[in-house]
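A.B. asks: Next come the chains, spelled out residue by residue.
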Amino acid sequence: MSIPTPTPEADCQQALQQRVQTAYAQRQPQPLCIIGGDSKAFYGREAVGEPLHAGAHCGVLDYDPSELVITARAGTRMHAVQQLLAAEQQMLGFEPPRFSATTTVGGAVAAGLSGPRRPYAGAVRDFVLGVKIINGKGEVMRFGGQVMKNVAGFDIARLMVGAMGTLGVLLEVSLRVMPQPQAETTCRFAHRQPQQAIALFNQLAARPLPLSAAAWSDGTTRLRWSGNQAAVRNAVQSIGGEEESDAAGRAFWRQLRDHDLPFFGGEQPLLRYAVRAGTEVEVEVEPRKTNANADTNANAAQLLDWGGAQRWLRGAINLDELRKIAAAHGGHVTHFRHGDRQGEVFQSLSAPLHALHRRLKRAFDPAGILNPSRLYADL
Amino acid sequence: MARRLRKFLPRDAVIAQPEALRVYECDGLSAYRQLPKLVILPRTVAQVQQVMRVCNELRVPVVSRGAGTGLSGGALPHADGIVLSLANMNALLQIDAVHRTARVQPGIRNLAVSEAVKHLGLFYAPDPSSQIACTIGGNVAENAGGVHCLKYGLTVHNILSLTIVTIDGELLTLGGGLDAPGYDLLALLIGSEGMLGVVVEVTLKLLPLPQSVQVLLAAFDTVEKAADSVAALIADGIIAAGLEMMDNPAIRAAEDFTQAGYPRAAAALLLCELDGIPQQVAAEVAVARRIFQQHGAVEIRVARDEHERARFWSGRKNAFPAVGRITPDYYCIDGTIPRKAVGAVLRQIARWSDEYGLPVANVFHAGDGNLHPLILYDANQPGALQKTEQLGGEILRLCLAVGGTITGEHGVGVEKVGEMCVQFNDHERAQMHAVREAFDPKRLLNPGKAIPTLARCAEYNAMHVHRGATRFAEIERL
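Taken in order, these protein sequences are the chains called A and B. Residues 1 to 379, numbered by our numbering, are exactly what the first sequence covers, in order. Residues 1 to 478, numbered by our numbering, are exactly what the second sequence covers, in order.
In case anyone wonders, no lab produced these hints; they're calculated from the structure. One should not assume that every hint holds.
Unchecked claim - Residues on chain B that point at chain A, a partial pick, calculated with CB under 10 Å: (1) GLU142; (2) HIS157; (3) ALA180; (4) LEU186; (5) PRO210; (6) ALA235; (7) ALA283; (8) VAL302; (9) ALA303; (10) ILE337.
Unchecked claim - For lysine to any residue, the following SDA-like pairs were computed, each having C-alpha atoms within a straight-line distance of at most 25 Å: (11) LYS118/B - TYR120/A; (12) LYS151/B - GLN90/A; (13) LYS118/B - ALA205/A; (14) LYS137/A - CYS457/B; (15) LYS442/B - LEU38/B; (16) LYS387/B - ARG351/B; (17) LYS442/B - PRO366/A; (18) LYS205/B - ILE239/B; (19) LYS340/B - GLY330/A; (20) LYS340/B - ARG359/A; (21) LYS151/B - GLN182/A; (22) LYS317/B - GLY343/B; (23) LYS151/B - ALA183/A; (24) LYS324/A - THR101/B; (25) LYS118/B - PRO208/A; (26) LYS137/A - HIS427/B; (27) LYS205/B - GLY330/A; (28) LYS442/B - ARG359/A; (29) LYS340/B - GLN90/A; (30) LYS324/A - GLU280/A; (31) LYS118/B - GLN203/A; (32) LYS324/A - VAL302/B; (33) LYS324/A - ARG103/B; (34) LYS324/A - LEU171/B; (35) LYS205/B - ARG272/A; (36) LYS340/B - VAL177/A; (37) LYS442/B - CYS457/B; (38) LYS151/B - THR334/A; (39) LYS151/B - GLU88/A; (40) LYS205/B - GLN203/A.
Treat the numbers as computed from the prediction; the structure is a model and nothing was measured. Glycine included, each C-beta is placed from N, C-alpha and C at the ideal position.
Work out the full structure, taking the sequences as your base and the hints as a guide.
C.D. replies: Right, here's the structure in full:
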């Protein structure tokens, strides 16, 4: 077993706990805005409150490759964790986006965002085994643990995923890890229309193939095959398409994961439309008018990821109309980046479900000091 | 109460006669028994909503129940409450082959789902050993596992959405698709042991049936060698579909019962199932064989055909009844430990087994660290059950001491409420109660289960904790 690369270490639990306790004890409770690596400040509703810098609380606490689990303080940089895992030919199965080099483990869990591998390997919440948090009263608590099978008590660890820090300040996270595939190959298909891509995705869906990503952008469908050499070769041969070089394939999926493709550039609102993968493309989006010499991708108005289950949209779109369409298909729309951050950026919940969210928020954070209104205006 | 319910329920949906109630007095943990006031068997979602409204209004406790196969007393009735049996709501509502999903009612049997979608080349992955009888609703309540969890996950990884009825009769849909807006209430509900709502509809994720399945059987002369080879296999990047370990008492009992061909003298036996794409499986079988050899396996066999594969598994799958045959009673424990602790934990269990004079056979989901020690005892001997429960408690606290948990897949129920006081501190348990009250302010859903009160823990700790942290000084902390 190789010696892990040392990662920066700092235990700031006490300081963080004191900050929350003090904020809670004020006559006029003081809202706190939790900041990890500050790589997703754009996400969610506009942040309010005094900054609480949780990114300083960092360091890998436990990692034994044969246990398939890593435990790290929430402020540990994601790239440090991924380097450590890569040295043992392991990885995080949910392929977390790194919108900047400072992205932290805690931020990834709090935002609950997963990359291109998500439909095939699982989402952040599928890999979270345990957390240590500070609730809104300043109490330090652990839920879940470091083992895969654990049904003791309510699954509060997974409840933290995607809660945007509104239920607790994450201190530590235990994540299940996966072996890296031996081989990976990306194949491309010229598909002018997204409907062609969806037809291919649907055709592949029910077959036992080593698919690990499927996307369509700018007239090209890309499939990524992951597994051992023989299995990947077999898939390439039976499904076809034009093989990309390793470097080009890797670059594309990384850029898609981290929103570095030209499609994601510029200041126009970026919408995330989550829907059942096979849903027909019904959304008419006007292509953006941009400089004629810009990258061809910049004119694209739609990009499909997750085999069609995650669709990124840009351009002049009526958000309310789109949310109605999404709801009719059992999907939802997130106003992901840019544009108005003071309105609701996440799709609204039914009245009883929203009321339940408010009661849960109060159960963790009775004074409403943890990232208030980051998720919904009144949470 | 019965009069109120009979206004909107058919005659046969309300059971009140004591002899008929007897059927519901316990679940798979039969050491605990209690008659409920009534058993209600609704057939529609609307009926469930109406029943809940009445119970909420009259403050009547509600214990939901599927097939009653649970092993922790989660479905044990409440003396002043009703049992809400979902057994009659057992329809398969819809199969979507393109999206690989099945929409089902909670009373459908686990195995019935896989059988219904087999012709499409699909299956539902979680396979608890009771899968022939247990229901999907019960699986959701317990976050049921099985022998294939390492690769395919638990129930929480295989459910896309739930429709629940809350205590005030409201209908909520949680989850949907690959994600949903708001908090992950889907994850919170799964494994909540019937304390947050009543599940009335479930959308399951289906998987393509693997094209190729291979099983290796490897025998070792020490438990440590078997455990080390499991760690080496995983470190090598192989995620087996099933990775099961049995110790010598379990091997002998299983072999005597099923003639599976297990080497009776082996100290430990591993069953390693590899599945997937044929080329990948073939390569992994070769690696597994090499690793078992390197770790000193005294015997390695690869099943030559489907028949032999079934034979290899028959011993493991019948391990519980096999043990049941050699003892008047047995008590099944369900802790999870980090894999690296298995040798130390099994050695300690063997020492206690001698100390208590109670034989223990160990069956172990080695891939995910889920240990099932079976304590052999005779309930007719005065004090034997009590002594067995004491030993079980010691084992669970040991699981915690090495960094594990008191329950991997059977749930807390009534059985492990005491050990919850060790696993979680006052703040953590208070937080769980606060979560519960966000759903059920009157605490009517499955009261007395899963999350102990402060008073209950004070009582438990008075009995146990003075021995607490230093109890296992001889065990290396891992």
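A.B. asks: Determine for every hint whether it applies to the structure shown.
C.D. replies: These are the hints, each one checked on the structure:
no.: 1; hint: GLU142; result: holds, 7 Å
no.: 2; hint: HIS157; result: holds, 5 Å
no.: 3; hint: ALA180; result: holds, 7 Å
no.: 4; hint: LEU186; result: holds, 9 Å
no.: 5; hint: PRO210; result: holds, 6 Å
no.: 6; hint: ALA235; result: holds, 4 Å
no.: 7; hint: ALA283; result: holds, 5 Å
no.: 8; hint: VAL302; result: violated, 18 Å
no.: 9; hint: ALA303; result: violated, 20 Å
no.: 10; hint: ILE337; result: holds, 7 Å
no.: 11; hint: LYS118/B - TYR120/A; result: holds, 21 Å
no.: 12; hint: LYS151/B - GLN90/A; result: holds, 15 Å
no.: 13; hint: LYS118/B - ALA205/A; result: holds, 16 Å
no.: 14; hint: LYS137/A - CYS457/B; result: holds, 22 Å
no.: 15; hint: LYS442/B - LEU38/B; result: holds, 20 Å
no.: 16; hint: LYS387/B - ARG351/B; result: holds, 15 Å
no.: 17; hint: LYS442/B - PRO366/A; result: holds, 19 Å
no.: 18; hint: LYS205/B - ILE239/B; result: holds, 20 Å
no.: 19; hint: LYS340/B - GLY330/A; result: violated, 43 Å
no.: 20; hint: LYS340/B - ARG359/A; result: violated, 41 Å
no.: 21; hint: LYS151/B - GLN182/A; result: holds, 17 Å
no.: 22; hint: LYS317/B - GLY343/B; result: holds, 23 Å
no.: 23; hint: LYS151/B - ALA183/A; result: holds, 19 Å
no.: 24; hint: LYS324/A - THR101/B; result: holds, 23 Å
no.: 25; hint: LYS118/B - PRO208/A; result: holds, 14 Å
no.: 26; hint: LYS137/A - HIS427/B; result: holds, 10 Å
no.: 27; hint: LYS205/B - GLY330/A; result: holds, 15 Å
no.: 28; hint: LYS442/B - ARG359/A; result: holds, 14 Å
no.: 29; hint: LYS340/B - GLN90/A; result: holds, 18 Å
no.: 30; hint: LYS324/A - GLU280/A; result: holds, 15 Å
no.: 31; hint: LYS118/B - GLN203/A; result: holds, 18 Å
no.: 32; hint: LYS324/A - VAL302/B; result: violated, 55 Å
no.: 33; hint: LYS324/A - ARG103/B; result: holds, 23 Å
no.: 34; hint: LYS324/A - LEU171/B; result: holds, 21 Å
no.: 35; hint: LYS205/B - ARG272/A; result: holds, 23 Å
no.: 36; hint: LYS340/B - VAL177/A; result: holds, 16 Å
no.: 37; hint: LYS442/B - CYS457/B; result: holds, 21 Å
no.: 38; hint: LYS151/B - THR334/A; result: violated, 31 Å
no.: 39; hint: LYS151/B - GLU88/A; result: holds, 19 Å
no.: 40; hint: LYS205/B - GLN203/A; result: holds, 17 Å
Figure legend: structure checked against the earlier numbered hints; hints not met, in rising order: 8, 9, 19, 20, 32, 38.
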